[in-house]
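There are 4 protein chains.
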Amino acid sequence: MQLGMMGLGRMGANMVRRLMRDGHDCVVYDINAAAVADLAGDGATGAGSLQDFVSRLEKPRAVWLMLPAAITGKVVRQVAALLEEGDIVIDGGNSNYRDGVDLGAELATRGISFVDVGTSGGVWGLERGYCLMIGGPKDAVQRLDPILASLAPGAGTAPEVPGDTASRGYLHCGPSGAGHFVKMVHNGIEYGLMAAYAEGFNILQAADAGTKARAADAETTPLAEPQYYQFDIDLAAVAEVWRHGSVIGSWLLDLTAGALKDDPDLKTFGGRVSDSGEGRWTLKAAIDTGVPAPVLSTALFDRFSSRGESEFADKLLSAMRYAFGGHVEKKG
Amino acid sequence: MQLGMMGLGRMGANMVRRLMRDGHDCVVYDINAAAVADLAGDGATGAGSLQDFVSRLEKPRAVWLMLPAAITGKVVRQVAALLEEGDIVIDGGNSNYRDGVDLGAELATRGISFVDVGTSGGVWGLERGYCLMIGGPKDAVQRLDPILASLAPGAGTAPEVPGDTASRGYLHCGPSGAGHFVKMVHNGIEYGLMAAYAEGFNILQAADAGTKARAADAETTPLAEPQYYQFDIDLAAVAEVWRHGSVIGSWLLDLTAGALKDDPDLKTFGGRVSDSGEGRWTLKAAIDTGVPAPVLSTALFDRFSSRGESEFADKLLSAMRYAFGGHVEKKG
Amino acid sequence: MQLGMMGLGRMGANMVRRLMRDGHDCVVYDINAAAVADLAGDGATGAGSLQDFVSRLEKPRAVWLMLPAAITGKVVRQVAALLEEGDIVIDGGNSNYRDGVDLGAELATRGISFVDVGTSGGVWGLERGYCLMIGGPKDAVQRLDPILASLAPGAGTAPEVPGDTASRGYLHCGPSGAGHFVKMVHNGIEYGLMAAYAEGFNILQAADAGTKARAADAETTPLAEPQYYQFDIDLAAVAEVWRHGSVIGSWLLDLTAGALKDDPDLKTFGGRVSDSGEGRWTLKAAIDTGVPAPVLSTALFDRFSSRGESEFADKLLSAMRYAFGGHVEKKG
Amino acid sequence: MQLGMMGLGRMGANMVRRLMRDGHDCVVYDINAAAVADLAGDGATGAGSLQDFVSRLEKPRAVWLMLPAAITGKVVRQVAALLEEGDIVIDGGNSNYRDGVDLGAELATRGISFVDVGTSGGVWGLERGYCLMIGGPKDAVQRLDPILASLAPGAGTAPEVPGDTASRGYLHCGPSGAGHFVKMVHNGIEYGLMAAYAEGFNILQAADAGTKARAADAETTPLAEPQYYQFDIDLAAVAEVWRHGSVIGSWLLDLTAGALKDDPDLKTFGGRVSDSGEGRWTLKAAIDTGVPAPVLSTALFDRFSSRGESEFADKLLSAMRYAFGGHVEKKG
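Chains as they are written, first to last, in the numbering used here: chain A, 1 to 332; chain B, 1 to 332; chain C, 1 to 332; chain D, 1 to 332.
Because the hints were derived from the structure by calculation, they are not lab data.
Check before you lean on any hint, since a few could be wrong.
Just so you know, same-sequence chains aren't split out, so a pair can sit in one copy or run between any two.
[What the hints assert, rightly or not] No more than 35 Å apart at the CA atoms, straight line, and that leaves these computed lysine-lysine pairs for DSBU-like: (1) K74 with K138; (2) K74 with K59; (3) K330 with K138; (4) K267 with K59; (5) K59 with K138.
Since the structure is predicted, the reported quantities are computational estimates derived from the model, not experimental observations.
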């Protein structure tokens with residue numbers, strides 16, 4: 001079927017390519033004309049302006065936006081102003097699900113369907129397919145089925161249940177906002193999983209602590225039994241072996257094994273870990289609904305700390321220690 | 001090759017079966033004679049006593065113990081008393097790696113090799129193979145290679161690197177104790193991963209909080225924006241869709257999807273979550289070596305709480321609230 | 001000076017009493033006529049309706065609201081509708097500071113000053129005085145100084161710095177909203193402090209763990225060195241001794257010592273710990289501003305868990321354990 | 001009464017001074033002869049060697065050691081070798097309570113009493129008195145009562161209960177090891193309290209986040225509602241006001257207020273926070289006894305992180321993000 005795609009960054013462009021491979025007809029637009037030309041060269045229909053883009057779409061139209069969260073709401077409204085009853089707008093970006101709830105209600109008053117699609121798969125999605133979590137009106141989601149089926153990993157990645165799209169990698173989760181809600185929690189979980197592996201490998205790399213000299217001063221806790229910390233563990237090999245038959249096998253572990261194989265000391269990284277908004281929104285949802293999420297919150301806050309945001313708190317701890325005990329801070 | 005297996009519970013018996021399928025010759029012993037008879041019926045050589053068991057093994061002997069951690073150390077010493085220079089004792093149970101360090105040194109004085117094998121794979125290992133993390137003297141580990149290769153998942157479960165046992169599911173991690181050290185951290189990570197999924201699904205099941213009535217009293221925080229919590233999420237379907245192409249795909253997620261499909265409300269479970277020792281030892285290692293492990297510790301402590309162990313602390317919080325603010329505890 | 005107080009619950013009534021003791025003239029109103037009559041009997045001027053209440057106040061008026069957070073915003077607007085340029089509305093309740101920011105801007109358009117006062121002191125405030133954290137326009141806060149000075153603990157509770165109201169227990173923290181912002185963080189800290197004591201006393205009460213029998217099954221981690229857990233600690237006495245000269249002395253500890261003296265086993269409490277909104281809003285502020293708050297969040301989430309909100313997550317953990325290892329849940 | 005004090009560092013020397021003020025007779029020894037001479041100048045009896053020290057003590061002897069934890073056990077045994085039945089050795093340092101359990105049993109075989117005294121009060125103890133948590137045989141503890149009573153803050157710091165030493169600042173908590181056990185938990189709590197304040201003040205200092213420019217890239221979560229983060233909070237003033245009548249008043253807050261007054265930006269501190277062993281041992285006790293301690297553990301792990309110990313974990317997180325999403329790390 002025909003789909004209009006607006007926003008041709010890494011994600012949007014790859015999604016267009018995956019769709020065209022499956023025989024879909026894509027009309028594409030981006031404020032970056034080179035990105036449009038690029039995909040036009042691959043067989044897409046390029047548009048030179050938003051008006052041009054909309055005019056090239058057959059009614060009822062389906063417009064997929066793949067844009068930074070910060071501008072998505074504004075652009076949805078710009079696009080919707082050019083659309084008509086029966087058309088569909090899809091937001092596949094990392095938007096806050098609350099915007100989906102609001103936009104769904106707003107566009108519904110004009111007969112336009114808003115569909116939010118949480119999209120996981122990253123740079124691997126072009127080949128592996130994208131896991132799609134979908135919110136929106138049922139008839140709109142059904143109309144998009146050919147598109148969704150092509151973007152998703154599809155049958156064969158696991159035993160397929162007839163009629164069950166989840167086993168092919170896409171799922172209608174509920175009304176507008178539900179797709180981004182599920183994607184939000186997905187990312188919250190992702191942070192927790194990543195932190196669990198990271199902490200574990202950090203302990204493994206410290207398994208030789210007993211072989212190292214320690215300062216013998218009142219500000220350094222001695223290692224009481226150094227004989228138990230004499231191991232020199234090959235982290236890349238451990239990551240690899242865990243991929244085979246262990247309980248903790250996962251795609252993240254596959255990637256971790258690859259990263260450690262390429263760069264065992266991770267020298268190319270500095271350890272400042274960004275977070276996009278989903279982990280934060282997940283915690284706000286947990287707080288609002290009274291659900292305990294201590295692991296997910298700890299994982300998020302560790303990212304904040306990795307960026308130096310605990311510095312003032314740490315200074316205050318040192319100041320208190322100096323005030324009650326005369327403890328002078330050790331230098332690193 | 002020939003292997004003596006002592007301890008024929010679920011794990012030990014299945015390992016014997018997997019070894020025999022691959023043509024190995026197994027001598028088996030257990031204080032439960034029925035377990036011995038069972039495997040003898042499948043082709044193993046049964047032994048009626050520890051002495052009998054040892055006498056049926058060809059020198060240099062290889063004895064694998066698959067016993068509860070609480071008795072392993074004692075039995076290793078009993079067995080070792082009957083062994084000779086050149087023999088190997090393997091502990092494949094969930095023992096503390098510190099025992100492995102100590103036993104390795106102790107048995108080495110008599111020329112006996114102690115090999116500790118952390119074993120992951122659970123009830124699925126018979127078919128999938130076991131992920132093996134191995135500590136001990138190099139020559140002993142090499143002598144056991146045919147056994148280890150048969151127990152492990154083997155080639156084909158992922159692209160294999162020639163000569164690299166890790167890509168076939170087993171790895172010599174270091175001297176005695178190293179195998180259980182790596183398995184210990186493996187389980188520590190496991191707790192963190194499990195908690196991340198559990199918290200995430202708990203948030204998803206609360207996505208309908210806005211549809212429910214709340215008490216309107218000073219002891220209940222109101223839900224400020226109920227319009228954003230109107231979703232009725234199908235958890236089993238979400239678990240299924242995440243298995244296909246998402247960043248958080250894993251074997252634990254595969255199992256979770258199955259569990260939620262069979263019993264969406266998890267009615268057969270009460271929520272008292274046990275922990276075996278590895279998570280605890282992982283944290284002690286983190287503490288000794290000064291490595292932060294807030295996610296892994298939070299995951300462990302949540303299991304303690306699930307068993308009611310925070311009750312006194314919670315009562316004290318209520319007592320404080322009553323003391324400073326006159327707050328009377330709400331009943332559940 | 002004259003003050004109108006609306007909302008004569010435990011907090012509001014006691015504040016009126018403390019003000020009248022210091023010679024202030026209080027006009028009081030509540031939808032509960034008995035509460036009005038009660039304070040009228042003590043010397044306050046009672047009002048029978050909101051209109052009556054406002055009419056009895058001298059211009060420029062000062063109206064203090066001490067109401068549940070859920071209705072404060074609505075009532076502020078009702079009252080403000082009856083006020084004029086130059087009047088002041090004070091919200092002394094546990095409101096979200098964001099409402100203060102919004103109301104401050106809204107009322108300013110009509111020349112009415114909105115002052116938000118975070119109030120700590122609980123049931124002890126009548127005697128000890130209230131710690132006041134104040135937001136709002138500078139001139140309004142200065143006009144209220146006599147009232148604020150009387151409500152606060154005042155000089156003598158600690159060495160006083162001339163001209164420094166903080167050392168007398170009240171502080172103008174910034175524009176509208178700032179008072180409730182500071183109070184919000186105050187309560188966030190409070191949760192963390194309380195949890196630290198509660199966890200510590202929970203460990204102390206378990207110091208006899210080595211004297212107790214433990215189940216010896218695969219689902220129960222054995223206590224490796226019971227000889228180190230043979231203590232029978234008198235918690236009330238420990239709480240008392242810590243009050244004298246230790247680093248962890250505090251008012252919360254004073255109250256804890258009292259509570260443990262009265263009821264050493266805390267039998268009168270069930271351990272369901274409520275939270276009002278401030279701890280939640282503190283975390284949202286931390287999340288928005290990217291500040292790590294793992295201790296405060298853990299403290300909040302433990303309260304959620306104390307109310308059974310981790311049940312589904314815990315069941316899922318048991319379900320996973322059953323799925324990979326055949327572990328059958330232990331009953332409590 | 002007479003007391004021998006060995007170890008004349010900041011703590012030991014001040015304790016001798018406090019004892020002499022109360023009329024006690026102190027024999028003092030240290031490997032640092034200047035420290036001995038110093039106190040001899042103040043009226044103590046100096047000793048030139050361990051033998052000389054012991055010979056100057058009247059039988060039955062009482063020897064108090066105030067030494068670094070790392071050497072205490074060895075020195076206790078050296079001293080005990082020179083003592084006789086009926087003598088008492090007191091360890092007032094920050095030792096692991098397990099050493100106290102072991103030493104108590106060991107010295108008891110020779111009729112020597114081992115008393116462990118957890119001591120809180122820091123550099124303020126000379127004037128305020130020391131909070132003492134005491135373990136050991138009852139008769140030995142009673143014999144030391146005059147010394148303990150002089151070191152403790154004493155009556156008047158709070159309403160005194162007749163015959164109750166806890167209300168005068170010292171407490172016999174149980175057999176050998178009990179004193180250090182209680183002190184250990186005391187310090188575990190201390191870390192939690194400190195972290196709660198530190199996180200809270202860190203949030204307060206970020207209350208102006210909405211006034212600052214943020215990078216507008218995919219790696220930086222935007223601040224959705226900057227209008228709510230426009231406050232410029234005076235942290236020192238807030239710390240001060242909280243000391244008066246609020247629920248979170250404490251001695252640590254008193255010290256925090258002083259520290260912030262002297263150096264509002266805490267420029268003299270770098271934020272590398274040391275930990276002595278007690279926090280670590282507290283967690284090990286929690287782990288052994290199955291008591292949840294998520295707040296105390298988070299507080300400890302944050303100190304580890306403040307010293308850069310999460311670096312490898314953080315790099316691994318960045319490596320994973322790059323692997324699945326092509327995210328390039330932002331520079332600080």
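Comparing the hints with the structure gives:
Taking CA atoms no more than 35 Å apart as the test, K74 paired with K138 passes inside one copy only; the shortest distance there is 25 Å, against 38 Å between copies. In this assembly of identical chains, K74 and K59 lie within 35 Å of each other by CA distance solely inside one copy; the values are 23 Å within and 47 Å between copies. Taking the closest pair of Cα atoms, K330 and K138 never come within 35 Å of each other, the shortest separation being 62 Å inside a single copy and 40 Å across copies. Taking CA atoms no more than 35 Å apart as the test, K267 paired with K59 passes in neither setting, with 53 Å inside one copy and 48 Å between copies.
Taking identical chains as interchangeable, the C-alpha atoms of K59 and K138 lie at most 35 Å apart only when both belong to the same chain, with a minimum of 18 Å there against 60 Å between chains.
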